[in-house]
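Trainee: Using the numbering used here, the letters of the sequence shown map in sequence onto residues 1 to 301.
Simulated from the structure, these hints should not be mistaken for laboratory data.
From the three backbone atoms N, C-alpha and C, an ideal C-beta is built for every residue, glycine too.
Just to be clear, a hint being listed does not mean it is correct.
Derived DSSO-like pairs: lysine-lysine, alpha-carbon spacing no greater than 27 angstroms straight-line [unchecked claim]:
id : residue 1 : residue 2
1  : K122      : K188
2  : K188      : K157
3  : K139      : K122
4  : K139      : K157
5  : K205      : K188
6  : K157      : K205
Here are the in silico distance ranges between beta carbons for each label pair [what the hints assert, rightly or not]:
id : residue 1 : residue 2 : range
7  : T142      : T98       : 43 to 49 angstroms
8  : H249      : T142      : 36 to 42 angstroms
9  : H249      : P114      : 41 to 47 angstroms
10 : D144      : I117      : 16 to 22 angstroms
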Amino acid sequence: MTDLLWQQFMAINWLGIFQALLILVVGLVAARLLSRTVSRAIGKRVGVHQSTLIQRFVFYFLAALIIASSLHQLGFKLGVLLGAAGILSVAIGFASQTSASNLISGLFLLAERPFQIGDTIKVADNTGEVLAIDLLSVKLRTFDNLFVRIPNETMVKSQVTNFSRFPIRRYDLQLGVAYREDLARVRKVLLDIAERNPLCLQEPKPLVIFQGFGNSSVDLQLSAWVRRENFLDLRNSIPDEIKTAFETHGIEIPFPHLSLYTGSETQPFPVRTTQSPPADGHAGDPASSGNDIEGEGGAQR
1 MTDLLWQQFM
11 AINWLGIFQA
21 LLILVVGLVA
31 ARLLSRTVSR
41 AIGKRVGVHQ
51 STLIQRFVFY
61 FLAALIIASS
71 LHQLGFKLGV
81 LLGAAGILSV
91 AIGFASQTSA
101 SNLISGLFLL
111 AERPFQIGDT
121 IKVADNTGEV
131 LAIDLLSVKL
141 RTFDNLFVRI
151 PNETMVKSQV
161 TNFSRFPIRR
171 YDLQLGVAYR
181 EDLARVRKVL
191 LDIAERNPLC
201 LQEPKPLVIF
211 QGFGNSSVDL
221 QLSAWVRREN
231 FLDLRNSIPD
241 EIKTAFETHG
251 IEIPFPHLSL
261 YTGSETQPFP
271 VRTTQSPPAD
281 GHAGDPASSG
291 NDIEGEGGAQ
301 R
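Produce the entire structure from the sequences given, and follow the hints as far as they go.
Mentor: Here it is as structure tokens:
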């Protein structure tokens, strides 16, 4: 029994195992170094996250080749391995069509680069800061500190609004003034507010745009340009300044009114109707005789 175990132990190709392990260890270290070198070389031309994804792709590709070489060193036939891998990939492809679609969509996002890490974007009803752009999904952090994962396929099919693409943004505020107000005076007050606000840019110049005649007001829009990082501060400060200025200058902001009457105001009231004198030839017609009729709440005939 001992001799049989010894023979089996000696039959093991220890040299091949050692060579396979050596290829695996040295190869993985070399793949890591090479992927980092590639990432540094292209890091200046692409974004940080794009270079990270390329680094991962290069590493995984080289790692697959190194593992295949190690298995070949152990005596495995690559043809059999490739055939098995092909069958396995087909089975996995049928089982994970959504993941494959997200992977391909991730490559499109990587090539197009519509946004990058740190940008604020809006996808459907989700608005937040981009935390990560992976091959399967995009991760967002909303303004109320929620984590949102959006599949890449959804990103490709949806309209994406990037609020961080350009250094400045335009802030639009819709408001209405009473019909009796002088529009030139209102326009001057609004432009003075925008010019005095330190967050508003003077180039492009602020604008007051006529929007239309509303049911109870003349509708206007104040448009002012602001640096991207100051947008929220301007949106919070401008309305207060406009309200204060309108109160100072006596400019009315109309709103719908609703009157309710109760008590004696709703009691029936007498109504008197008088018919016109009868025409000639109808003096004897009883239907044409004029009578004064009093009623509660309306006329009676």
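Trainee: For each hint, tell me whether it holds in the structure or not.
Mentor: Cross-check of the supplied hints:
The hinted pair formed by K122 and K188 fails the criterion: a straight-line CA distance of about 35 angstroms is larger than 27 angstroms. Using a Cα cut-off of 27 angstroms, the hinted pair K188 and K157 is violated, with the two alpha carbons roughly 45 angstroms apart. This hinted pair checks out: K139 and K122 have alpha carbons roughly 12 angstroms apart, not beyond 27 angstroms. The hinted pair formed by K139 and K157 meets the criterion: a straight-line CA distance of about 16 angstroms does not exceed 27 angstroms.
Taking the CA atoms of K205 and K188, the gap is near 13 angstroms; set against the 27 angstroms cutoff, the hint holds. A threshold of 27 angstroms between alpha carbons decides the hint, and for K157 with K205 the separation of about 36 angstroms lies outside it, so the pair is violated. Against the hinted window of 43 to 49 angstroms, the Cβ-Cβ separation of T142 and T98 comes to about 24 angstroms, which falls outside the hint. Taking 36 to 42 angstroms as the suggested C-beta distance range, the pair H249 and T142 conforms, at roughly 40 angstroms.
One distance hint, 41 to 47 angstroms for the beta-carbon pair H249 and P114, holds here, with the actual separation near 45 angstroms. In this structure the hint that D144 and I117 lie 16 to 22 angstroms apart at CB holds, the actual value being about 20 angstroms.
Violated hints, in rising order: 1, 2, 6 and 7; the structure is consistent with all others.
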